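Protein chains in written order, with numbering that gives the first Met the number 0: chain A, 0 to 434; chain B, 0 to 434; chain C, 0 to 434; chain D, 0 to 434.
Hints were generated in silico from the structure; no laboratory data involved.
Hints are supplied without guarantee of correctness; some may be wrong.
No distinction is drawn between identical chains; accordingly, a pair holds when it is met within one copy or between any pair of copies.
[Claimed, not checked] Dumping the calculated DSS-like pairs for lysine-lysine here, alpha-carbon to alpha-carbon at most 30 Å: (1) K401 / K329; (2) K128 / K329; (3) K415 / K362; (4) K329 / K362; (5) K213 / K167; (6) K329 / K282; (7) K362 / K167; (8) K329 / K415; (9) K167 / K76; (10) K320 / K282; (11) K329 / K133; (12) K169 / K73; (13) K24 / K320; (14) K213 / K92; (15) K401 / K282; (16) K24 / K73.
This structure is a prediction, so every number in the text was calculated from the model and none was measured.
There are 4 protein chains.
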Amino acid sequence: MIDIIKNIATEIEQDIINVRRDFHKYPELAYREFRTASLIARKLKDLDCEIKIGREIMDADTRYALPSEDVLQKEFKRAAAQGGDKELLEQVKGGFPAVAAIISNGAGPVIGVRVDIDALPIQESANEKHPPCKNGFASVNEGAMHACGHDAHAATGIGIVQVLMQLKDKIHGTVKVIFQPAEEGACGAFPIVQSGFLDDIGQIFAIHYFSQWKLGEITCVRYPGHLATAKLNAVFRGESAHAGGQPELGRNAMVAAANAILNLYAIPRNSNGGTRINVGTLKAGSGRNVICDEAVMEVEFRGQSDELKDYMHQNVIRVLKASAEMSDCKLEIIQMGSAPGGGSDDAYADIIMDYAQKTGVLKPRTEQRSYGSEDFYFMLERVRQSGGTGANINIGSAPGGKAHSPEFDLNESVLKDTVIFVSGLLLDIMENPRT
Amino acid sequence: MIDIIKNIATEIEQDIINVRRDFHKYPELAYREFRTASLIARKLKDLDCEIKIGREIMDADTRYALPSEDVLQKEFKRAAAQGGDKELLEQVKGGFPAVAAIISNGAGPVIGVRVDIDALPIQESANEKHPPCKNGFASVNEGAMHACGHDAHAATGIGIVQVLMQLKDKIHGTVKVIFQPAEEGACGAFPIVQSGFLDDIGQIFAIHYFSQWKLGEITCVRYPGHLATAKLNAVFRGESAHAGGQPELGRNAMVAAANAILNLYAIPRNSNGGTRINVGTLKAGSGRNVICDEAVMEVEFRGQSDELKDYMHQNVIRVLKASAEMSDCKLEIIQMGSAPGGGSDDAYADIIMDYAQKTGVLKPRTEQRSYGSEDFYFMLERVRQSGGTGANINIGSAPGGKAHSPEFDLNESVLKDTVIFVSGLLLDIMENPRT
Amino acid sequence: MIDIIKNIATEIEQDIINVRRDFHKYPELAYREFRTASLIARKLKDLDCEIKIGREIMDADTRYALPSEDVLQKEFKRAAAQGGDKELLEQVKGGFPAVAAIISNGAGPVIGVRVDIDALPIQESANEKHPPCKNGFASVNEGAMHACGHDAHAATGIGIVQVLMQLKDKIHGTVKVIFQPAEEGACGAFPIVQSGFLDDIGQIFAIHYFSQWKLGEITCVRYPGHLATAKLNAVFRGESAHAGGQPELGRNAMVAAANAILNLYAIPRNSNGGTRINVGTLKAGSGRNVICDEAVMEVEFRGQSDELKDYMHQNVIRVLKASAEMSDCKLEIIQMGSAPGGGSDDAYADIIMDYAQKTGVLKPRTEQRSYGSEDFYFMLERVRQSGGTGANINIGSAPGGKAHSPEFDLNESVLKDTVIFVSGLLLDIMENPRT
Amino acid sequence: MIDIIKNIATEIEQDIINVRRDFHKYPELAYREFRTASLIARKLKDLDCEIKIGREIMDADTRYALPSEDVLQKEFKRAAAQGGDKELLEQVKGGFPAVAAIISNGAGPVIGVRVDIDALPIQESANEKHPPCKNGFASVNEGAMHACGHDAHAATGIGIVQVLMQLKDKIHGTVKVIFQPAEEGACGAFPIVQSGFLDDIGQIFAIHYFSQWKLGEITCVRYPGHLATAKLNAVFRGESAHAGGQPELGRNAMVAAANAILNLYAIPRNSNGGTRINVGTLKAGSGRNVICDEAVMEVEFRGQSDELKDYMHQNVIRVLKASAEMSDCKLEIIQMGSAPGGGSDDAYADIIMDYAQKTGVLKPRTEQRSYGSEDFYFMLERVRQSGGTGANINIGSAPGGKAHSPEFDLNESVLKDTVIFVSGLLLDIMENPRT
């Protein structure tokens with residue numbers, strides 16, 4: 000079977016790479032993946048695959064940190080202008096750029112595969128040696144870049160569907176490949192969970208490339224795994240005044256922010272496990288000689304457990320409030336994305352690693368540590384709630400720059416191997432159910 | 000004589016007001032007053048007045064805080080598109096939007112009158128009750144506004160030239176009316192001083208309206224007068240890192256900035272007189288989950304004497320350096336504008352106030368306190384160095400919103416009275432030299 | 000008359016100096032001037048002078064910052080052991096070490112003279128060159144020192160009484176010489192005012208030596224004069240925890256204090272006049288590896304007007320509260336002493352300076368600036384409320400170390416001259432009433 | 000054998016308890032355990048046991064954080080007055096209060112047992128319900144208390160020697176029981192290591208009670224075990240000034256300390272493992288109205304590895320330096336105690352736990368986590384360097400208050416059981432060498 004898959008994958012490899020490069024050239028930020036989602040859906044439809052799209056798999060009310068209507072409209076127009084699929088664009092309009100492929104054949108397990116599709120607010124390197132520049136597919140969308148490989152994840156997802164559709168009669172059960180928007184910021188998984196689309200899934204896994212691991216190394220992230228995280232924006236509002244004339248009339252939002260910054264980083268370490276805190280951005284003030292009347296900061300925090308995340312949350316809120324009070328400012332807290340912490344289920348991860356061992360397509364990697372956070376765990380939690388299981392698969396794709404950097408890149412040969420591995424794995428699991 | 004002047008002023012009043020409204024509608028920020036300067040020059044030329052313009056009265060090398068070449072070019076195009084004088088624009092190109100009128104008749108004192116012409120980076124109110132909105136001359140340049148009355152100062156300057164040109168034969172000496180750019184930020188006066196244009200001036204005064212003083216009240220700012228000031232930008236540069244993944248690899252420019260903010264405001268009070276400090280704006284960080292690698296802050300400080308300003312300067316530099324070191328960041332300090340502190344010479348101020356008393360055109364105001372800073376004192380210092388004297392005239396123009404606020408406005412009837420007063424004063428001083 | 004006074008003063012000079020040295024050797028802190036007060040009272044009684052003492056001139060309920068009963072008792076015992084007057088000690092027991100002399104002869108003005116008698120919590124220099132060491136009268140009370148000349152003020156007051164008692168028949172009216180405890184910390188004047196003892200006084204002045212002014216220079220402090228001040232202690236109470244074991248269980252009073260310190264100093268400058276703020280001492284924490292559960296800080300603030308003092312007060316309270324909240328600590332604020340700001344009445348000061356000019360005993364000093372604060376203004380305010388007037392006299396007594404330093408000293412020859420000057424002034428004013 | 004041991008232990012139980020209570024009543028801080036050490040040595044000698052004492056087992060030059068000569072002398076006198084052994088006191092004079100018992104019989108392994116003997120700078124509770132109060136052995140040394148059970152450790156050590164001396168002919172090898180001073184602050188182990196006394200030891204273990212674990216539960220601390228730690232004092236020295244008069248002349252050590260506090264706690268978390276930081280105490284300033292010229296803080300930091308401790312160390316130094324610079328202060332850093340991180344060797348710990356299982360004297364505890372730090376690891380590291388092994392034994396002794404709290408206590412019945420267990424273990428290991 001694996002040889003059949005390998006042949007198909009070889010045939011479609013260039014297509015997959017082209018798709019990745021196209022997505023790379025037109026990166027789209029969270030909730031604005033209109034072009035990307037519409038083209039994915041188009042390709043799936045062209046494969047005669049059943050799809051779900053937009054509001055069908057995305058709950059409207061739990062889309063935290065949604066951009067303004069203005070931004071959504073402007074970006075929608077851009078997406079159309081950049082070759083989004085006319086017909087399907089309508090279905091993702093308004094901030095619903097999610098798509099899923101459903102490949103079903105008879106009774107059997109329902110298995111989910113999640114790939115994410117959004118880009119990052121990073122300006123891509125213009126260095127001529129940077130492969131996307133050299134090969135003409137560097138980002139044309141200013142300030143946006145696929146600097147975390149989600150272009151490749153999306154292309155891989157399409158490749159998997161392509162293989163499975165060709166081998167549809169070999170399937171015993173159902174595969175749902177979910178193309179999720181807004182993973183960066185940890186916003187996109189939750190509304191998909193809330194839509195109910197995962198409720199019949201018994202097994203689920205996510206795929207992520209790591210450009211600083213050796214090409215083709217595979218691992219499943221295990222405990223303590225990814226950190227639980229939550230993100231929020233804090234807005235301090237004071238009162239402006241002429242800084243030379245009557246400084247005593249000001250209520251200084253700049254000072255409120257400064258106090259918050261120092262005290263957020265100073266939240267006590269916790270003996271129950273690792274925590275994180277960051278004030279990533281701050282914009283404050285309107286003019287040099289004006290007491291600052293507004294400061295806006297983007298904050299995130301994490302913990303090795305949900306309890307640790309909650310510990311940080313409580314402290315963050317208290318520090319923000321006290322900082323506002325310190326300068327007699329008002330405080331608005333805007334909750335942004337969040338994700339539970341977690342890691343793969345051991346038994347399921349073992350199945351995946353055994354398959355890697357057995358087939359030799361990818362090579363097991365000893366280290367199972369990861370860092371950062373992943374909103375995929377919202378999905379895995381839901382699947383577990385119905386008695387299911389899952390894993391988070393990481394695959395090495397060196398060489399390539401550091402994730403989230405302007406020089407990020409990956410080795411495109413990982414795409415074909417991953418398509419082979421995942422397609423084979425899915426067929427194998429369905430053929431020989433082990434749980 | 001005063002009656003003749005009053006008649007002329009009454010004739011030209013509507014012109015002056017129209018000019019003010021035109022300038023108000025097309026506000027231009029520091030060094031970018033291309034349209035304003037070219038139109039002033041055009042009007043002066045149309046009055047057959049001798050003018051000096053651009054590099055003739057502005058030293059290129061001491062223009063601190065000059066915008067980038069890009070900005071200058073873009074703004075130059077805008078100025079042309081908004082009706083700047085085609086021919087004269089060329090002479091202010093590249094960041095030289097200064098103009099002066101020279102009205103000379105025989106021997107006698109050389110007297111300078113300084114008016115400033117630049118706008119502020121403030122978005123004008125869109126409130127329908129705001130007079131510029133009601134009367135259709137609100138700013139059309141986004142983010143720029145004449146919120147400190149420099150539109151009216153410029154129009155007043157033109158009005159004065161108009162009167163004096165009609166009474167040129169009554170003049171015994173020389174009047175130089177200087178239309179200065181870039182007063183906000185305290186950058187424009189110094190390069191004019193450095194051009195040598197003031198070297199033959201024996202008396203000089205500046206005119207400024209205050210919308211929160213009663214209409215027609217006049218005073219000369221006296222000791223302790225305006226504060227000495229200096230402005231600088233501080234850029235902290237650290238190292239970014241994934242805030243969840245490897246926070247220990249970051250060098251946090253956000254924290255450096257926070258320490259700087261708190262410690263700048265905490266610079267000790269000084270028993271020798273008043274001081275001021277402000278961190279007006281801060282922009283820091285690129286993404287929520289990235290350790291901030293760059294923070295840019297706009298700082299200003301003041302003192303009731305140059306010594307106090309220097310005291311603040313020393314402390315500011317030390318705090319900035321230590322804050323950078325605290326987070327292992329690099330620090331760049333970019334010196335922006337500055338101005339000496341000062342006030343009117345008492346004897347000269349008395350002459351002006353006596354003239355007000357005598358003519359009754361404007362009404363002496365008891366309070367002589369002012370606040371903020373003024374780079375006019377660079378001019379006054381130069382004049383004093385050659386044995387001259389001068390004063391800083393403030394005139395009430397209520398009703399009108401708070402200075403530097405989006406609702407700022409002034410009572411336009413102050414323009415005519417000021418034109419009368421200043422023209423009369425100039426003629427009187429030249430007729431009866433008192434020093 | 001002045002010659003008679005000079006003769007008397009010359010006779011008693013050595014006595015006065017001996018008294019000063021005795022008080023210097025046994026310095027007593029605020030409310031604990033038991034020995035000093037009892038011995039002053041004894042000397043006054045021995046002169047057959049009418050006295051008021053203890054509760055007679057000191058309201059019990061407004062003695063802020065009173066030490067604990069324990070301390071008072073311990074110090075009372077010490078005072079007795081160090082030669083306090085057995086009989087009179089009883090009358091100042093419990094924290095009432097105030098004494099006043101009343102010298103009255105017929106109708107006439109009632110004039111108050113205030114001298115203060117308390118020492119400072121400073122360890123006196125043991126340097127052999129320090130005159131009190133060289134001459135064997137350095138402080139024997141550990142941690143207490145007359146480092147502000149109140150020993151000399153007290154001796155001067157006694158000298159004045161001595162002169163006036165000898166010339167009692169020359170008096171036309173009443174002189175009240177008030178020996179005030181607890182001036183440092185600004186606590187002693189108010190309870191004396193509240194006792195009603197000043198209610199019949201029409202003129203009042205205080206005497207203070209300055210060791211860094213030339214010997215014999217005299218001035219009256221004039222507007223803006225001394226700063227209004229208030230003092231308070233802030234106690235932050237958190238929760239301790241093992242810093243290595245479970246830091247997350249702590250509520251860190253150390254961090255609360257650190258936030259308070261930075262933000263207190265950063266209270267905005269005020270355009271209405273000078274302000275001051277200081278966190279003088281902080282004691283925090285019990286052990287290196289324990290999260291700090293208590294921090295105690297001594298704070299003071301000042302303003303050039305009572306409004307400015309209140310402005311600071313409001314800000315101080317808000318900062319302290321927010322700092323406590325920042326670390327989830329409890330806050331206790333203990334109000335300590337305070338004093339209104341102020342300066343001499345001009346007309347009355349002129350009388351005094353004229354007298355200096357006329358007699359040549361002391362030499363007028365041009366500079367009238369002072370700094371620091373004085374609770375004498377509570378007294379002056381009360382006298383003004385009943386239509387009276389007053390002044391604050393400062394007299395140079397160089398050479399001598401810096402005030403409030405371990406090396407402080409003064410030129411003892413100033414005592415005789417001051418006794419002459421003040422006695423003469425009092426007789427002169429009563430003889431020739433000018434108000 | 001175990002039954003013989005039990006009988007002996009039962010006989011001496013009351014003695015051991017009495018010793019513990021005696022030590023508890025006379026607690027002695029680090030390097031000042033003169034009475035304790037001399038009495039331990041006396042008891043060992045009375046048992047005819049060979050001892051080493053003072054400089055014999057303590058290197059003079061590596062005693063970090065030694066108190067001043069004055070303190071040592073004063074405390075030595077106190078120890079003598081409180082019943083220290085006259086003869087043996089001389090041998091621990093000058094800061095060498097270490098003792099070791101050597102029990103040797105024929106060839107065989109050399110095994111070390113370390114118990115610590117110092118008290119903490121904590122004021123013991125005066126609560127009548129607190130058992131030491133109820134039973135009359137509460138601390139009589141103000142500000143010192145056995146709040147971590149070292150009194151019981153010392154008594155246990157003596158008990159073990161007592162048992163082993165009675166069974167000396169059953170010994171096959173050598174037991175060295177080391178009574179270590181100055182464990183709190185992590186100062187005492189290193190000079191003992193440096194003396195060479197451990198160089199022939201092949202196995203070593205420490206004993207520590209935990210009053211919040213069930214009575215008789217035993218565990219060996221395993222990886223990640225105790226944290227590596229280092230401690231230092233930071234002294235900021237600025238310049239004082241009158242806070243009201245000339246605040247601009249001060250260089251404020253209080254502000255330096257405040258910046259240090261906030262920024263030390265804000266040292267970034269490290270993805271390689273847990274870290275800790277604490278500013279335990281701060282003493283700053285001399286008077287309310289004086290700009291603070293000296294601030295002294297006690298700092299400690301820890302890491303789950305020596306690399307993490309070094310990471311903290313680097314950051315601590317940088318923050319302290321920058322904080323000093325911020326206020327133009329001088330900085331002195333005084334290195335205090337330190338300890339490597341670590342845990343028991345697994346194989347050796349297994350031997351100990353097996354013995355517990357087998358004998359049932361103490362009951363194995365599942366949890367092996369510990370917290371805090373232990374300078375015992377200096378000893379274990381040295382033993383490992385010569386190819387040896389060791390473990391850190393923790394034994395539950397509930398009920399009893401929280402460690403390092405004024406209410407700390409322990410269940411005295413743990414002493415007998417521990418004496419039995421350790422004596423039995425030692426004999427068993429020597430009888431049946433397993434490594």
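Going back to the hint list, which numbers does this structure go against? 4, 5, 8, 9, 11, 12, 13 and 14
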